[in-house]
Amino acid sequence: MDSNKKYWKGLEELNQTPAFVEGSKGEFAESIPVEDVLNEAGLSTKTPRRDFLKALGFGLGAVSLAACNRTPVHKAVPYLIKPEEVTPGIPNYYASTFNGQSILVKTREGRPINVEPNPNAVGLNQGLDSTAAASVLDLYDESKLKQAQLKGQDVEWSKLDAEVVKALNAAASSGKQITIVSNTVNSPSTLAAIAALAGKFPTVNHVQYDAVSYSGIIEANKASFGRAVIPSYNFDKANVIVSVAADFLGTWLAGEEHTQQYAKNRDYKSLKNGKMSRHVQFESGLSMTGTNADARIAIKPSEEGATLIALYNAVTGQSLPGATTNKKAQKGVALAAKELVNSKGAAVVVAGSNDVNVQVLVNAINVALGAYGTIIDLDNYSKQYQGSDAAFQAFLAAAKAGQVGVAFFLNSNPVYDYFKADDVKAALKQIPFTLSFSSRADETASELTAIAPASTFLESWGDANPKEGLYSIVQPTINPVFQTRQAEQSLLTWAGNNTDMYNFVKNLWSTQILAGSTKNWDAVLQTGFEYKGAKAATAPAFTGNAAAAASAIEATSKAIVGEFELKLYEPAGLRDGRYANNAYLQELPDPVSKVTWDNYAALNPKDAEKLGLGEDGKVTVKANGVEIELPVVQQPGQAQGTVSVAVGYGRTKVGKAGDNVGKNAFPFASIINGTVQGVAKASVAKASGTYQLAQTQTHHTIEGRNVIRETTFAKYLKDPNSEAGRFTDNHKTYDLWNKYEQPGHKWVMAIDLNACTGCGACIVACNVENNIPVVGRDEVRRRREMHWLRIDRYYTIEGKEKDLTKEKEIAKASDDLDFEDITVVHQPMLCQHCGHAPCETVCPVLATVHSSEGLNHMAYNRCFGTRYCANNCPFKVRRFNWFAYWNDSRFDNYLNNEFTQLVLNPDVVTRSRGVMEKCSMCIQRIQAGKLQAKIENRKLRDGDIQMACQQACSANAIIFGDANDPESEVSKALRNERVYYVLEEINVQPGIGYMTKVRNTFDA
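In UniProt numbering, the protein residues as written are 1 to 1004.
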């Protein structure tokens, strides 16, 4: 017997040994020799697998889990006096608003747990973006301030109020400005509260400032039409769309609203009717909108204006100087201009630049195309971005000159997101009293005299007016969790108005917004919105100067020409950084690169090769006198000679999840022609060392299998079955499964690849609904992310066909490619709920089984983590809990604390260590829908049950329902000619059908 080994008599004794207990803290019992376990059990390494599991698996698995994780004890405390509106186990829903999106907030036993789109919101987007889906988590963020602060110390609200009023009186008596610096405010009640303060103190000045500015569009419309507004867009009325660096399906203006419109001319219903819009995209970095374009041309930031000049000349017949000399862009402009002219009245051009001159030229093009009054609406204009770069610069100048006595910061953080933070700090030092309404001591708030922490929207009364004629309500779903107070209530208090916010908002709506309406206040609380109807859209006369704009564009463009050109962009998840402490959004893969928990420098692979960058390389980017070191993503589709960097990262005072994640790229921006712009001449140099990004796209391989089907619209019109790729091999097949009738329901899903934009809102909605844990950067690097639903991104690189079976041809093909001309397909991938599920046959304990309604179920308390099912799944959609992510101190900066866990859905169990999990088709929603139909003594109707992912999707790309109902939407969708099933050739009989991706290309 080896004297160096420790031996034990049985499992009970093993459970008590220090070595086992210590080993259980890491991977599963990794410090215990497997031979010892087998010997003590009377087995050997030659024992058949099933006998081994039968003899040892249950006992060892149970002991291991018991040693690793004590099952948490949750005590149920009954109500002493039960609230009238609360019935345990039954959810309540409240209509509310988040960033202009009309939503329903789901609560259980008095705590908000989910956000869903309001399906009855007329005129408003009926979907969610990722930030809205994740917003409920911010309510339970423990890094927020618990009460008011004065000079860094906690104080009672009464003391803070006294100090603020004293400062306001001092400023007013001396004639100094009292400035409220906010992001865009479109809330009537907030504006009324500011007006109440101005009524008390006449020197009050309201400055609106947006971190990602659209001031250029506002100023351009003022110069072009005398209307200083941002228009609304109706992309559903456009047959041809040309975008120059505008990510209008993503973060540009109102991405989810635009997505809902855009999909109407491209989804399976539109194609069935023989209609499809054509979308051409010119851009430097590959955006989410660019991945959905029918034709995409990579250009440099300095070429954006030149491309628009060429487009203007081609559309109008003019010959303004400064047109692009880029041959690819010239070809794209010629094709796009022809389409635009042929579709006058149903064509539109948009640009993402914040340069006033660029937007004036775009306005001139759209006037020539007849886009105003139909696609572009200046009468029912958007109110979601009203910030003025000039007004904020004037505030800084006034503050430095000692003209500001008091400054309040409402939902604004310029010390972080203004490109010259030192200028902001210098200005703040000259203001006697400064205060922030931030919920945390962020980068700006920590520099100020006082903080009056505001409540979240889930704890507040309020409203929104996101578009002219559209109003939505904000109502609280829970009492304030901490000792916070609405910013509006604070303003009223300091103005000497003792009205509480409920009555203030109610009176405002009753006397103004609902004046002349058939609705009353109670009806608004039920529906959540008021729609006054759209005004007749008009086509105003153009008063701008296109020639002068083109001349200014030419001069500006020359200033940013260099070996490399920098382009800043706003990411889909964190946006401008305000959501940086939301762990769900940090772990949401970027729609294009699939990187989580970091920003990076995106470079064309050819540029990376020239710089000598390998895998996990880093670069130093210099622009506008700023130098930042960043990891590199070699991004196909990136224009050569350009580098793209996301803003919104690099927060230092936001909370445990967001602190020091990524680098702050806002300092790269600069003032050009009076507006803040994120383009610059740059230099990029290789930096020492390496950095591994947490990138999910590389985690699974399809082994060369054909899981994507693509075709062109022209081919589709000739043959609707074109490229559907259905498996037609009639060879004899053999089944291991018995055949079962499914007379009741058969739950299936259809996914339209033409409608899916890859935004990721469905991923976050799934996470929140199903209690999916966040694992953090290091675990994602180890390929351990837990998302039940992922969106795979596939590239097609355009080029001459070559024989790539020979190594020399492969090398030559790679040399010939510039990696700019690519197309992209986004494919949502989740458990396919196979009729012949490979996972079910290999599970030794029947933890995964098939239901009579066609679903693949998981019995978590049976699973003990063999992972055979994951190994046997051809779609790689099963997730293994390597740790108890919900109950492990190593993950406490994400979602692991008792307070944050109040967000958990009580209808879904949290999974523990050693357990496999995957998409359940929201079985809790299916059961709830059936129960509701039973209570109402009726049959289940199509649409009664919606999956969390389906509900969040603005494009209606995900369709769920009963295949046994021939009239259900999913049955009709699955009868479409474009439907195919992934890997149907291996006869697993998936329950999810995909619709072939169709592109309306020029050369088809």
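Since the hints were made in silico from the structure, they are not lab data. From a predicted model like this one, the values you see are computed outputs, not experimental measurements. Certain hints may be false.
Below, simulated DSS-like cross-link-like pairs (lysine-lysine); rule was C-alpha separation at most 25 Å, straight line [claimed, not checked]: (1) K237 x K420; (2) K237 x K275; (3) K506 x K532.
Does K532 sit within 25 Å of K506, going by the straight-line distance between their CA atoms? 18 Å, holds
Satisfaction of hint between K420 and K237, Cα-Cα up to 25 Å: 41 Å, violated
Run the distance test for K237 versus K275: straight-line Cα separation, threshold 25 Å. 12 Å, holds
Of the numbered hints listed earlier, the single one contradicted by the structure is hint 1.
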